[in-house]
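Student: Once you have looked at the hints, place chain U on chain L.
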Amino acid sequence: MDVSSILASHNAKYQLVTVEKETPIEVDAGFLTVTDANSIDEDTFNSNIEEHLQSLARDGVQTLLAKLFSLPTLPSSDGPLAQLPPPTTQLPRSKPLPKIKPLTKWEQFAKAKGIQKKRKDKKVWDEEGQEWVNRWGKDGKNKQVEVQWATEIKLHAAEDHDPRKAARDARKARVVKNEKQRFANTAWAQRAVEAREQRKTEIQRTLAQSRLSTASMGNFDKKLEGEKKLRGIKRKFEPTERSVEQEAKASLALLSRMESDSKKMRKNPTSEKSVLNVRKAVRFASKGEGGVALGRKTAGEKSKKGGKK
Amino acid sequence: MLRVVKPRNARSKRALDAREPKEIEDARIAIFVKGTHTGEVVNNVMKDLMALKRPDAISFSKKNVIHPFDESSPTSGSSSIQSLEFWSAKNDASLFAIGQSTKKRPNGLTFVRMYDGKVLDMVEVGIENFVSMNDIKSAKSTPGHKPLMHFASELFDTHPRFIQLKSMLMSFFNGEEVESICLAGIEHVISVSCAPTPVTLNTASTSADTATSLPKVYIRAYTTKLLSSGTRIPRVELVNMGPSIDLVLRRHRDPDSEMLKQAMRRPKLKKTDVEKGLGKKRKNFEVDEMGDLRGRVHVGKQDLDKLQTRKMKGLKGGAFDGETEEERPTKRIKTS
Chain L
1 MDVSSILASH NAKYQLVTVE KETPIEVDAG FLTVTDANSI DEDTFNSNIE
51 EHLQSLARDG VQTLLAKLFS LPTLPSSDGP LAQLPPPTTQ LPRSKPLPKI
101 KPLTKWEQFA KAKGIQKKRK DKKVWDEEGQ EWVNRWGKDG KNKQVEVQWA
151 TEIKLHAAED HDPRKAARDA RKARVVKNEK QRFANTAWAQ RAVEAREQRK
201 TEIQRTLAQS RLSTASMGNF DKKLEGEKKL RGIKRKFEPT ERSVEQEAKA
251 SLALLSRMES DSKKMRKNPT SEKSVLNVRK AVRFASKGEG GVALGRKTAG
301 EKSKKGGKK
Chain U
1 MLRVVKPRNA RSKRALDARE PKEIEDARIA IFVKGTHTGE VVNNVMKDLM
51 ALKRPDAISF SKKNVIHPFD ESSPTSGSSS IQSLEFWSAK NDASLFAIGQ
101 STKKRPNGLT FVRMYDGKVL DMVEVGIENF VSMNDIKSAK STPGHKPLMH
151 FASELFDTHP RFIQLKSMLM SFFNGEEVES ICLAGIEHVI SVSCAPTPVT
201 LNTASTSADT ATSLPKVYIR AYTTKLLSSG TRIPRVELVN MGPSIDLVLR
251 RHRDPDSEML KQAMRRPKLK KTDVEKGLGK KRKNFEVDEM GDLRGRVHVG
301 KQDLDKLQTR KMKGLKGGAF DGETEEERPT KRIKTS
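Line by line, the protein sequences are chains L and U. Quick note: the first sequence uses the working numbering, first residue 1, plus one each step. Quick note: the second sequence uses the working numbering, first residue 1, plus one each step.
In short, the hints are calculated from the structure, not lab data. Mixed in with the good hints, there may be bad ones.
What the hints assert, rightly or not - Here are the simulated lysine-lysine pairs, DSSO-like style, with alpha carbons at most 30 Å apart:
(1) U:K261 / L:K223
(2) L:K95 / L:K138
(3) L:K117 / U:K268
(4) L:K180 / U:K6
(5) L:K67 / U:K270
(6) L:K117 / U:K311
(7) L:K95 / U:K270
(8) U:K268 / L:K228
The shape of chain L in the complex, shown without the other chains (with noise of 0.2 Å):
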């Protein structure tokens, strides 16, 4: 039997979908990106450069298809859906990474028990309605007892039991306790930050420290791979020529900080300490009824005096 032919025809198939370069052309799958590194011939360049660089792109799309196409796939409506790989060029991001939440108290707690998060449907089926009402929000089913026309109360509650009012009043509660216990979240998460920088700091102080007080200052110590040069604090100096502006600025802030009231040393320079203490002196004079039944006083016997006259 020849195959001879079936082999050709099946190489023949290939050579159709496989590009041959001299550096093998480098696909990023995850990016839909191809690079030929192959150095630009010059001379199907210069003779058509559209159809030179219609059949560069046409080498290259064609190697990337071959990936793509041989990617594991996933069935969907639209047809099938090809699982990329992650992409191997690094481009920078627009946005720093997302800063990671600390845990909340009942967070922690559900990850030690391994208690899986379940999420609540928004709608939930009215039995007696026979339709699907808000869980909470407008018409919610939460509201329900604070709005129904009858409620049915126990035969001994007391005479001004407001079933409306209780069932009212324990939702309030409930809104009341879940912020609370957000803020306890928040301030706790914010408490472990602090320390954690604080210990950072503590730390990086103590090394720097400790590294100095050898004999000789640490100069023979041994170092370690990867330690760093301690650096101490480095004088920053102006430059000294400045133009014009920068300078008027500079010395309008520096008037100013010296005028402001927060580097002054004594807050009231002016009022002298006196001798009289007003306060015990008016007390005195007015036999402990305060200074304006004194006014009054005073008043009264001038209008006296001019009654006599």
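Tutor: Just chain U now, kept in the frame of chain L:
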């Protein structure tokens, strides 16, 4: 700077949350800005680039006094960089394409990339030749479909200016990490290639790195036509879609190294990803059928002669060593 607003209702909170940093980022939004004077060519180039970038593009219709490469422009009060940062924060955009045509630098287009609301790097190109999308009568790609990208020239791997250009264009068109793609939805390819590398670039050091000696860059966009080849992999044919833009590289600003380091940081790999074999190759780790991560530890042969046994006064002489060794097994037998 922008006022930091506290969301007053759930809708605005959702909108603000959508702008928060994410581990896997969305496509960068690009703003197209016209400078003080843009000619017809620059206008059309920006229009076409916008058509390619479409759902993630914002166009500023008015002219703006903006000179991103000049430290502070005399005509406007605030510097151009400040305006870019302001627009970026306002629109949640991290890319700019600024068109500007001057006598000294005709038909200029500047790409600006931002990180964390600050300018990361900039590339200025001059448009030498341009054929619009509308002038080429062929089928166009659907807006919103992800393009393939093709770079051809060794310069994109070796020359810093071209590496920057490649990175910038990839950020522009393709910088979004996606998990999967519908193969039927691949419609077009943006091809970027260079003129043949001049000899000076191959031999000389970076001192000969002037803008004039850099080869031209050709940007082409093609639609793909997939033909059956009898195998799983189709044979592809390209049809010119437009735009065709020929560029020369002009000024540029390299990223600040510290800022770039920050921008290049990757999220920590998850445990499942490590098990899949991502990240650093780790020896002697394997995942068994149950999905448990197993490690094999190699310990050197233990030297039992130097093993520290119990110290007792009576054992110090050395003459009784033999006895103690014999005693132990007998004891063990007793207990068991």
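Student: Find the hints from earlier in the document that the structure breaks and name them by number, from lowest to highest.
Tutor: 2, 6
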